[in-house]
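Participant: Residues per chain are reported as follows:
There are 2 protein chains.
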Amino acid sequence: MMRINLKLILGLLCLLVLTTLSLWTQCGDSTFGRSLVPKWDRRSFVGGNQQPEQTEEIDCFINQEYTISCRKEGDEVYLPFSFLHKYFEVYGSLSTVDGTTRFEWAHSYGKVNYPKGVYDPRGIFMYFENYNVEMRDRVKCITASDGVPISTQWESQGYFYPTQIAQFGLSHYSKNLTEPEPRRKSVEDADKNYGEWHIPQGSVFRRHFDRKVSSMVVQFATGSSMESAVSLPMDHVLDLVLSLDIQLKHNSTFSVSLQHRETKKDFHIHYIVSDVMISIQEENIYYGLGTLDLNINGTMAWKHLTRDLLVDLQKGVPVSMILGSEKKRKLRRTEIRITKLSFLGAGAFDNITLSTSEHIAHFYDAAEWFVRHQDSTTGGWSNSVRRRLGAGFADLPNGWYSAMGQGHAISLLARAYHHSRGDTRFLRAALDGLKPFRVPSYQGGVLATFLGKYVWYEEYPTTPPSFVLNGFIYSLLGLYDLNSTAPQGHSVEAGALFEQGMTSLKHMLLLYDTGSGTSYDLRHFTLGIAPNLARWDYHATHVNQLLLLATIDRDPIIEQTAKRWQGYMVGKRAQHN
Amino acid sequence: MMRINLKLILGLLCLLVLTTLSLWTQCGDSTFGRSLVPKWDRRSFVGGNQQPEQTEEIDCFINQEYTISCRKEGDEVYLPFSFLHKYFEVYGSLSTVDGTTRFEWAHSYGKVNYPKGVYDPRGIFMYFENYNVEMRDRVKCITASDGVPISTQWESQGYFYPTQIAQFGLSHYSKNLTEPEPRRKSVEDADKNYGEWHIPQGSVFRRHFDRKVSSMVVQFATGSSMESAVSLPMDHVLDLVLSLDIQLKHNSTFSVSLQHRETKKDFHIHYIVSDVMISIQEENIYYGLGTLDLNINGTMAWKHLTRDLLVDLQKGVPVSMILGSEKKRKLRRTEIRITKLSFLGAGAFDNITLSTSEHIAHFYDAAEWFVRHQDSTTGGWSNSVRRRLGAGFADLPNGWYSAMGQGHAISLLARAYHHSRGDTRFLRAALDGLKPFRVPSYQGGVLATFLGKYVWYEEYPTTPPSFVLNGFIYSLLGLYDLNSTAPQGHSVEAGALFEQGMTSLKHMLLLYDTGSGTSYDLRHFTLGIAPNLARWDYHATHVNQLLLLATIDRDPIIEQTAKRWQGYMVGKRAQHN
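Protein chains in written order, with full-length UniProt numbering: chain A, 1 to 577; chain B, 1 to 577.
Read the hints as simulated data drawn from the structure, not as lab findings.
Be aware that a few hints might be false.
One copy or two, either will do: identical chains are not told apart, so a pair holds if it fits within one copy or between any two.
[Said to hold, decoys possible] In silico lysine-lysine, DSSO-like type, Cα no more than 30 Å apart, as pairs:
hint	residue 1	residue 2
1	K506	K453
2	K86	K111
3	K111	K572
4	K327	K140
5	K563	K86
6	K264	K328
7	K86	K572
8	K435	K453
Looking at chain A on its own, in the form it has when it is part of the complex (with noise of 0.2 Å):
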């Protein structure tokens, strides 16, 4: 009796301690081993805190306002991130480091872009060599008729927006500037370098000296079924940006096969003779060349043709298509091969070349067309889109002139008559796109005053005036290159406006200084509504324009103010009394 009891009991003991010791290893992992066993922690035991402190849960009372979970611990009360992310709008994310986990917390998401030196309007724009205009979602595609982007971000069905434009161009002028010169492969160029095509029966392919452009070429003539094409079938990848020059008759079309390396999926892009800007049929994806040079015969002039073919797929088709999935992330330049060249109909070509990159003929494309699409009166490249800035603002008509557009032209068109080596169109152009600079906005320019007394360079010329900061300095840095890069005589102008411009900027940058960061425009004055603050990246862009302008005008005040808005950025604020 009594060897069983104390057997039961026994039993009854060990099981306790099982419990027990168990429920002892799941709860010591943090707390309980924190408060018990000594823990050669380092920030345990900081700050005279030798007792380390339990955890416990404690309501925080937020302004008399809401209650929110928070910890304590001692006399120390810890609020949780996801309150202050929303309650300060600052950033955090766990990232794991060596195996440590940790908390990144950012106080903002703005990039500081420190200049590489003293500000060459013949260099890089800004860091514009960083900008991947055409992979924007608000850009509908490039076109091919004019090698421009197409922009949707006020108008869906898309529009010709000169400041985007402007940025394609000067980013592609920049990456040229600062990418390793890149690799090209001549396909067929009906001289040195011959494909090996196949022409059906029937279908016309030879190699002859044309007398207009001078050089050998290729002519061709089809039937109108995709059968008679002559076609060059490939296998050819990274280097996705396709040049040629090319002639086409009405009904004739150029198509590039492209076949995603895994997934097998092919896609055709066919240039055509239209005005179409992009249509889509499946896995066919057409670029209209544009009709408006066609001669009497229907036959197109002879065009230069470049076209980054990843940027021309994705436009057409979305990625979860390419990809055969729902996720969702980017194409990358090497899941995608050129499988095949073929020209249907009639026309001629020549010098089909495939090459990583080339930046200096979309620069060019960008160029013309501020060439050809300057109004020849006002000087202005016209925003072909109504915009409404804010409530509050009378709606800019459709054809509004932006200081900005203008000057992201002028940048563009300095740089171009610079690499051109004189090229006096573009100069022309440039010179000419001053002039909405001294045209009132209520009278269809971009010049409005504040209270009368410093002209500002409107990049929406509102009603009243909006005086975003932002896009007057781009406004600014198109005189300066235009002043820097014209021939003296030529660069009166651009050279007074900017002075006149940078004196104003003087002036009136603090106002849009808020001590914890800036305002976008000055709405919250000529309204009487509040502030538009400026996110981030604006800041930001406020902060990298200030410290580009610091290494051409040594005014104090615009070094001092780009590094305390650099400040802001990381929390600092100014001081209050």
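Mind docking chain B on chain A? Use the hints.
Facilitator: Same frame as chain A, now just chain B:
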């Protein structure tokens, strides 16, 4: 053997169980309890987080600059308030209500005062009934010669600061309207109420009719030693505001003896015929009644003296000396008793009264000061102190005028004109006080303009202008008060200045809006430096002033801005783009 073994094992197991159980108890308090014992705490189980998490330590890497120790529970990271307090300058404290401790988070410490109705220029001024000007540390004392405060804010010696004197007067005017009728006790009026005076042998004490003042008065004459003084022993508490009419000869003294009821320490306040402002010799505090109006016999003119004895005591000796300890706390009115009044030398007195308060007397002391101290040419009340508003501004030379001081004085004088039922001395001083509003600050006035477009009345007429907001609005209230109080025909100029100022205010108000607070002035614009952000009490003043103005001007910009600015005090922000 088997039984012994069993017992041994049993004993060991018991020990083990007890140990683990005791550990469990200590551990179970918070984390352990939460993770294993179902607790019906709503907060632990909200948000789908059905499995309460353990707390771990984790490093937080702040803006890639430094590391702090945080806590982590599952996906949530908790940051210590000690860090947040410094980083964002927010406030918080633990407080226990009904046995539950919670943490109270406050975005700001400013206090909003809602107007009780439409602003009445004859009524309380702002919320100045809450002001206690004389108790401020930067008030040296209330002079016995004029009955107005002396400021030590910008010069430790002390100087007359018109803004402060007006605030003193306006606060007493406002308190008079909001506080209950005071208790008053007549101690001696030589007519109906006689005190039981102690008259040493050889000293003279007689009640007689003074023809000049048409009243029965007490006349006294004593030797020069304290023993010969005529005195009235008392044991009076609570009503510590003493007033009397008094006429002393040179070298004569009126003294009040006070005792701290607990420490039994005695103090003596002596009002003497002298130009000394305040002088202290241990427990004796001397206030000079002034010598300006002594006649050829060395006798001063009859003077009505109103003294808050608690103030006079505290401005003379530190509270720690009164309490006989190093305790830092306020002296309470209930702690002091009046033990004796005494007169030494020769002179006369009448109407000794002890009251809870004598607000209107203080109010008139201030109003009379403004009548007496106005520059007859410029109409200004000068600030006899050099003042530097901040780096970058030229110093304001001794004698500068302030639009806020002028405005406050006018608010005070307009009320004195009203309260006195038309004493034109007050009206004339108020009207003359407008003169500096027409004189540019660089010519000694208070008028600045914003870019030549908007007039501004400068609290500090600096070069360049500083555009201090709260001082400007106070000056507008002065103009409004005079315009509303002065007889028709006299109010034109004040009305015009007010209207001009309101126009400026509505146009410029938003320049002070930082999207999360306000700036105190526009020095960032005029000096090109960091904005001088308004600390929360100044921000609250901005809000309070706008809420008040909204009751007399229905332009929505005023009320809308006030409401937004109020939101900033609880962490709201303007939107970013």
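Participant: Evaluate each hint against the coordinates.
Facilitator: Here's how the hints hold up against the structure:
1. Taking the shortest Cα distances, K506 and K453 sit within 30 Å of each other both inside one copy (13 Å) and across copies (19 Å).
2. For the identical chains of this complex, K86 and K111 are neighbours both inside a copy (21 Å) and across copies (25 Å), given an alpha-carbon limit of 30 Å.
3. In the homo-oligomer, the alpha carbons of K111 and K572 lie at most 30 Å apart both inside one protomer (16 Å) and across protomers (26 Å), since each shortest distance falls under that limit.
4. For the homomeric pair K327 and K140, the shortest alpha-carbon distance inside one copy (21 Å) is at most 30 Å, but the shortest distance between copies (75 Å) is not.
5. When the C-alpha separation of K563 and K86 is checked against a cutoff of 30 Å, the pair qualifies both within a copy, at 27 Å, and between copies, at 21 Å.
6. Within a single copy, K264 and K328 get their C-alpha atoms as close as 19 Å, which meets the 30 Å cut-off; across copies the closest is 84 Å, which misses it.
7. In the homo-oligomer, the alpha carbons of K86 and K572 lie at most 30 Å apart both inside one protomer (19 Å) and across protomers (11 Å), since each shortest distance falls under that limit.
8. Taking the closest pair of Cα atoms, K435 and K453 come within 30 Å of each other both inside a single copy (20 Å) and across two copies (29 Å).
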